[in-house]
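Take these sequences, add in the hints, and give me the full structure.
Chains R and C supply the protein sequences, listed in that same order.
Counting with the working numbering, you get residues 1 to 270 for the letters of the first sequence.
Counting with the working numbering, you get residues 1 to 262 for the letters of the second sequence.
Don't read these hints as lab results, they were simulated from the structure.
Heads up, a few of these hints could be off.
[Unchecked claim] One-sided excerpt, in silico: chain C residues whose CB lies under 8 angstroms from chain R: (1) 22; (2) 75; (3) 78; (4) 102; (5) 171; (6) 172; (7) 180; (8) 205; (9) 206.
A virtual CB, placed ideally from N, CA and C, is assigned to each residue, including glycine.
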Amino acid sequence: MTMKFKDKLQQAPWWLLVAFLLALILGWNILADQSYELIFNALSKGIWMTLKVTFIAFLSAVSLGLVIALAGFSSIRLIREVVRFYVEIIRGIPVLVLLFYVAFVVAPALVDGYNWLLQKPIELGWLDSARTRDFNMVWRAVFALTISYSAFIAEIFRAGIQEIDKGQIEAAQSLGLKDRYVFRFIIFPQAVRKVLPPLGNDFVAMIKDSALVSVLGVQDITQLGKVYSSSTFKFFETYNVVAFLYLILTISLSLMVRGLERHLRRFERH
Amino acid sequence: MKLTWITSLFSVCVAVAAGAAELPDLNGRTVIAVTENAYTPLNFVDAKTGQGIGWEYDAFNEIARRLNMKVDWQLSSWDTMIQAVKDGQFDVGMDGITITEERASQVDFSAPYMVSEQFMLVRANETKFDDAKSFAANPDLLVGSQPGTTNFYVAVYDILDGDETNPRIKLFETFGAAVQALKSGDVDVTLMDATSARGYMGANPGAFKLVGGPLGTEQFGFILTPGSDLTAPINAAIESMKADGTMEALNQKWFFDYKQTN
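See below:
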């Protein structure tokens with residue numbers, strides 16, 4: 001019994017306690033100090049935007065990444081080469097640069113393409129021609145984050161799938177299981193547990209990288225912080241609050257991811 | 001705008017300084033000056049030499065000459081520059097910084113050394129509006145701007161309704177991004193001073209034009225560490241340079257005669 005208690009004491013997340021205390025102190029400052037309160041009110045309007053951009057971009061990046069990873073195992077050489085090309089190129093371009101490319105090159109090109117494809121119905125007055133501004137900056141930012149992260153996530157899935165013993169797949173095939181069932185019942189359930197920790201890592205990274213969408217004027221936490229600090233010149237105070245808000249998001253979300261991992265490990269033992 | 005008390009304070013300082021015929025002598029003291037090299041023609045990089053040049057470089061070097069100080073030029077980005085000047089890491093900062101009351105509670109401002117006028121840069125084929133009034137009247141039209149800059153405040157207070165969160169203002173990180181957004185049709189106007197506008201029109205032949213007259217004026221000042229002992233001498237030097245036509249000559253040199261070769 002005592003051993004167990006000692007064990008628990010040792011495993012307790014002490015870093016979290018310290019982080020919590022720090023948050024209390026900063027939170028108290030925000031409540032007590034009028035100028036911090038003003039900053040907090042101005043910036044907290046951006047939390048929803050940060051979460052929206054991150055969640056949508058992450059879910060799309062996971063879906064796209066999975067498709068890319070599976071395409072990477074294709075028996076057709078051309079598809080495999082295209083996948084390699086995509087992953088290597090996208091992975092090598094900074095998120096910030098991708099944001100500018102997508103916002104100012106890809107998005108206008110897509111809009112032009114849409115207008116060109118639907119030339120006839122537009123001329124007949126059945127459809128309105130699209131304007132670049134109809135492709136909202138928020139969605140361009142989400143699109144750019146999706147593309148950027150899909151390359152990393154595809155690599156995570158690839159590693160997870162490759163780790164599964166070939167023998168299992170061969171055994172399943174020799175039992176006469178169709179390929180898609182082999183994937184669904186043999187590969188996928190095991191791969192999910194393998195990829196979850198690195199995926200959680202990428203999720204936290206994306207919350208932070210979503211700050212970059214502020215360069216497109218998306219009103220997230222960082223953008224509101226920039227606006228506030230450059231009009232008041234209170235840079236230090238403002239970035240304190242920015243850091244505080246991001247920490248609340250990243251720590252609480254990474255705790256959730258950890259909880260999910262623990263749940264899946266328990267599931268594995270049974 | 002809300003500058004009355006600052007301007008009256010400045011005019012007192014300036015009057016005092018003008019009374020003293022001789023400028024203070026700082027005995028060769030080294031002053032660390034900082035700018036960003038991202039605001040043509042006030043401070044920017046000479047494409048040929050890679051050196052920082054511009055109106056503010058010339059003006060501050062001249063101030064230093066008159067006050068017998070040496071200038072140690074440094075570079076920094078906008079937000080780190082202001083915080084570092086506030087902390088005393090740099091003595092003086094300049095980047096076409098508009099003097100406002102709220103900012104003056106964080107750093108010291110010199111006397112204004114320049115009045116900026118903003119113009120409306122639009123796509124060359126723009127027909128929906130031709131001045132600030134007709135722009136404001138059409139709720140579909142958008143303006144591209146940068147947070148905390150002169151053109152942002154002019155857009156808010158001189159064109160739109162004074163609401164700094166007006167959704168008709170789309171904010172971008174840099175002038176370049178806002179102009180790009182104008183070009184691709186995301187916004188319908190960006191505000192900038194006549195020189196920068198001419199630069200963009202020159203670099204994109206046939207893409208842009210200016211409409212309407214000059215809009216709301218803003219005053220630029222050097223920023224100094226709070227309580228700085230340099231404020232009074234610098235103000236005196238600015239006053240002497242206004243009086244003897246040096247400022248006018250700098251305006252002529254950088255806003256009219258200088259041709260940017262890309």
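For each hint, the structure was consulted:
no. : hint : in the structure
1   : 22   : violated, 34 angstroms
2   : 75   : violated, 17 angstroms
3   : 78   : holds, 7 angstroms
4   : 102  : holds, 5 angstroms
5   : 171  : holds, 4 angstroms
6   : 172  : holds, 5 angstroms
7   : 180  : holds, 5 angstroms
8   : 205  : violated, 19 angstroms
9   : 206  : violated, 18 angstroms
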